[in-house]
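From first to last, the protein sequence lines are chains A and B.
Under our numbering, the first residue of the first sequence carries the number 88, and numbering increases by one thereafter.
Under our numbering, the first residue of the second sequence carries the number 88, and numbering increases by one thereafter.
Bear in mind the hints are in silico, worked out from the structure with no lab data behind them.
Do not rely on the hints blindly, as some may be mistaken.
Derived DSBU-like pairs: lysine-lysine, alpha-carbon spacing no greater than 30 Å straight-line [said to hold, decoys possible]: (1) Lys545(B) - Lys285(B); (2) Lys220(A) - Lys397(B); (3) Lys166(B) - Lys121(A); (4) Lys334(A) - Lys416(B); (5) Lys99(B) - Lys421(B); (6) Lys285(A) - Lys493(A); (7) Lys166(B) - Lys186(A); (8) Lys330(B) - Lys421(A); (9) Lys121(A) - Lys186(B); (10) Lys99(B) - Lys487(B); (11) Lys186(B) - Lys524(A); (12) Lys220(A) - Lys545(B).
Partial list, computed: chain A residues near chain B (C-beta under 10 Å) [unchecked claim]: (13) Leu93; (14) Thr96; (15) Ala499.
Computed far set for chain A versus chain B, every beta-carbon distance over 10 Å [claimed, not checked]: (16) Glu177; (17) Lys186; (18) Glu243; (19) Tyr473.
Don't be surprised by glycine CBs; every beta carbon is placed ideally from N, CA and C.
There are 2 protein chains.
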Amino acid sequence: MGEEVLKPTKEKFDEWYNEIVEKADLCDKRYPIKGMNVWKPYGWKLMQNIDKLIREEMERTNHQEVCFPLLIPESFFKKEEEHIKGFSSEVYWVTHAGKNELEERLLLRPTSETALYPLFSLWIRSHADLPLKTFQIVNTFRYETKMTKAFIRVREIHFFEAHTCHESFEDAEKQIREDLEIAKRFFRKLCIPFIISKRPDWDKFAGAFYSIGLDVLMPSMKTLQVGSIHQYKQNFSIPFEIKFEGKDGKHYYCHQTTYGMSERVLGAIIGIHGDERGLKIPSSIAPIKVVIIPIIFKGWEEKILEECKKLKKEIEEIGLTCFLDARDKTPGSKFYDWELKGVPLRVEVGPKDLENKMITISLRDGIKKKIKRDEIEKLKDELKEYDERIYKKAEEFLHKNIHVLKEICKDAEGIVELPWCGKEECGKEMEERMDMKSLGIPLPEKECNEKCAICSDKATTWLRLARTY
Amino acid sequence: MGEEVLKPTKEKFDEWYNEIVEKADLCDKRYPIKGMNVWKPYGWKLMQNIDKLIREEMERTNHQEVCFPLLIPESFFKKEEEHIKGFSSEVYWVTHAGKNELEERLLLRPTSETALYPLFSLWIRSHADLPLKTFQIVNTFRYETKMTKAFIRVREIHFFEAHTCHESFEDAEKQIREDLEIAKRFFRKLCIPFIISKRPDWDKFAGAFYSIGLDVLMPSMKTLQVGSIHQYKQNFSIPFEIKFEGKDGKHYYCHQTTYGMSERVLGAIIGIHGDERGLKIPSSIAPIKVVIIPIIFKGWEEKILEECKKLKKEIEEIGLTCFLDARDKTPGSKFYDWELKGVPLRVEVGPKDLENKMITISLRDGIKKKIKRDEIEKLKDELKEYDERIYKKAEEFLHKNIHVLKEICKDAEGIVELPWCGKEECGKEMEERMDMKSLGIPLPEKECNEKCAICSDKATTWLRLARTY
């Protein structure tokens, strides 16, 4: 039945994760540069299917896809002061081409503000050009000094970034509300529950007016940021001179926002849904939604195989991708392979099924049943219910591990919310005493009638903390 | 009716091309690094649709998609001697990360042999792992010193590369035949006729045993290489130690091939089909296949618009992407915009059409007719015929400009074929005296019963020459 797989318990999670990403054939970590992994066909297909969901959301909200160059001249990168401060220790520098030293150093984009905005200043002339809503899906680079981890902390990042320009701060705020709606629909399709927090000022994106983080809770009890939304106000439009002529004929600087996600979304799917048998892929992105395993007995070979082929065709006709595993292996070892890869639905066809005009189905989360051969339309409902179940399970896990406390409690795990006066020094002391990082203020904001867990002054809000990736 | 557009005549072609790529909103050349352009939404959509056709062909032929890191350590790049010689003058070097100098320099891939092959040597163990057929679509980088040209000669290249490994030379040869079949189907869908030539030894890919070039003829009478297929034999598998255990239990080095194409395919589409009014997009990749223009007269506004909306819905229902241009502009200026962008089919709906239950259609190549309102299924045939016409037109142009000569003829234009004895010195003298570059030996090979155009020895074959991009 194949090798044993570790269980993703709290203690063993990281070990399990590091192993499963290679066993399930998502990536190969043996590339000769640390933190730059090879996307294998199955992993890349999953990522492309995630990208497809993003593109659907972008189209629905009238964002247009662009693709900007990877390299950014140093002088452009330096235009926004906070931005360069935040990123300068982690960028890769191109200094030579062929045998020549370049006149100006070029950097590999860690994110693309400083690549896009010089062009935005040319594209935008008048209020009629606004809002400008664009996005791109590209490779970005960060020279990570921390321990790398497949999809979660890598040096070449498969990255989604939406960039928008608006007439006013209020229009940009509206965009941020739209981004949150996008995130809700997107993560719901992936069966991933998440929490939204307004990052504390000391942890906002380099150059942002404020930042919102979208975090998930992994079985290790550490949170993973899977998305971020930033209000830039005019912090970039002023140095990059992105101006428009208003209806009154006067010139104004744009207000800007960004929304970013990355291959971490895949990391979250692996971690949150996976179990000791492998991945559990939500049906929305499963490269193979249904796998058919013939259960062959002597004398039945041809009949069973023929029936499986017919079944495959019918399943494809109702719009489900289907793979017939006719390899010369035992059914058990096939079950093992497809569970490892997280295929949502397995269909077995044996002599008894054939006689009874039934098929045996197993959902990847353990539900097993027989359905009538002439009711295969029902497979769609089964997948829907499977998605619902894995979402609910993840949601329960998340909510069970959010702890609203009144005071410091050192043995708290998961996500903690403490009453907070709003002072940076108190926030930082919470971080230190909880041995956690602050995620920020819970959104939507919640009333607080407590005293700050550090200074006992009136707490105006809550501070959310967790151990993080 | 908008500004005048240049005609893509032989003399004015390059000027026309440089202008049209920006006017039709394909790219923006004002990015602050020369030769690195910004893909605008319409251009990027076209490129993505081209990629979709490639992926269909890859799936059909059982190639699996991977995605390898961009950066390659210098020591790996240097493993194949000819390869490094060929590329070392045009690679970008990353030497620093953050504030540190890297221990080993990294280069931005100009092509990915030296990135993939260290992993191939881990993936391949036995003959059962062969053939290995993979591909990726990624950004690659070449430090061009020649004049850059959008999509045709750029420094960041949107690149497709298939890499395969085989048991024997003959299996690799079979792969090359499959690649040629892929190319035929692929370019046919783009209505692009091309010629196939086995490149002369002095112009093969750095590290290849032999190279095949796929070339098209542009209106400037210069050819453009739009694809290349390489037989590597064991030139890479030996230095990269890509070995397998054969059925006999002994170990052998693999035989390898590659097949590459790039955004030049888009360049070819622009150049070959375009005219003085703009692009002509083949229907297979048109982001908008049908545009509807309401022809509005006073008193008819609502009726016409309502009919256009209904029509749009019906056109979408038969599977054609359709845009209803309801902007507040004259029909003429709308015609201008969509002709510029090369939309294959325009539908006009005016009061007369409404009364007669007809619609007026114009194909982008000038054919105009009326069809019955209840026969819109016919739009599909119209698009098919349009594709056929633009293909035929391009094919005629290509064949008209292939000249089979017996001797040097200095005023020959387009593509020339001269009898050749096979000696490099004669080939190079032909290049010099014709002021052309050799494309190579025509494939499939043609008999030759002439004397070499240079030395008058018996010509064993033909040498094809042209001015090239």
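Right, here's what the structure says about each hint:
Using a Cα cut-off of 30 Å, the hinted pair Lys545(B) and Lys285(B) holds, with the two alpha carbons roughly 20 Å apart. This hinted pair checks out: Lys220(A) and Lys397(B) have alpha carbons roughly 29 Å apart, not beyond 30 Å. The hinted pair formed by Lys166(B) and Lys121(A) meets the criterion: a straight-line CA distance of about 20 Å does not exceed 30 Å. Only pairs whose Cα atoms come within 30 Å are accepted, and Lys334(A) paired with Lys416(B) is accepted, the gap being roughly 21 Å.
As the CA atoms of Lys99(B) and Lys421(B) are separated by approximately 26 Å, the hinted pair is consistent with the 30 Å bound. Restraint check: the Cα-Cα separation between Lys285(A) and Lys493(A) comes to about 20 Å, which is no more than 30 Å; the hinted pair holds. Distance check on the hinted pair: Lys166(B) and Lys186(A) sit about 19 Å apart at the alpha-carbon level, within 30 Å; holds. Straight-line distance between C-alpha atoms of Lys330(B) and Lys421(A) comes to about 28 Å, which keeps the hinted pair within the 30 Å bound.
Note on Lys121(A) and Lys186(B): the hinted pairing holds, with a Cα-Cα distance of about 18 Å set against a maximum of 30 Å. A hinted pair counts as satisfied when its Cα atoms are at most 30 Å apart, and Lys99(B) with Lys487(B) qualifies at roughly 20 Å. For the given pair, Lys186(B) sits about 26 Å from Lys524(A) by alpha-carbon distance, which is consistent with the 30 Å threshold. For the suggested pair Lys220(A) and Lys545(B), the alpha carbons sit about 65 Å apart, so the restraint of at most 30 Å is broken.
For Leu93(A), the interface hint is violated, since its Cβ never comes within 10 Å of a Cβ in chain B; the closest pair sits about 23 Å apart. Taking 10 Å as the C-beta cut-off, the interface hint given for Thr96(A) is violated, the closest approach to chain B being about 31 Å. At about 35 Å, the closest approach between the beta carbon of Ala499(A) and any beta carbon in chain B exceeds 10 Å, and the interface hint on this residue is violated. Residue placement check: Glu177(A) does not keep its beta carbon more than 10 Å from all beta carbons of chain B (closest about 6 Å).
With a cut of 10 Å on Cβ distances, Lys186(A) falls inside the contact zone with chain B, its closest approach being about 7 Å. A Cβ of chain B approaches the Cβ of Glu243(A) within 10 Å, the least distance being about 5 Å, so the stated non-interface status is violated. Every CB of chain B lies more than 10 Å from the CB of Tyr473(A), the least distance being 26 Å, so the non-interface label holds.
When the structure is compared with the earlier hints, violations turn up for hints 12, 13, 14, 15, 16, 17, 18 and for no others.
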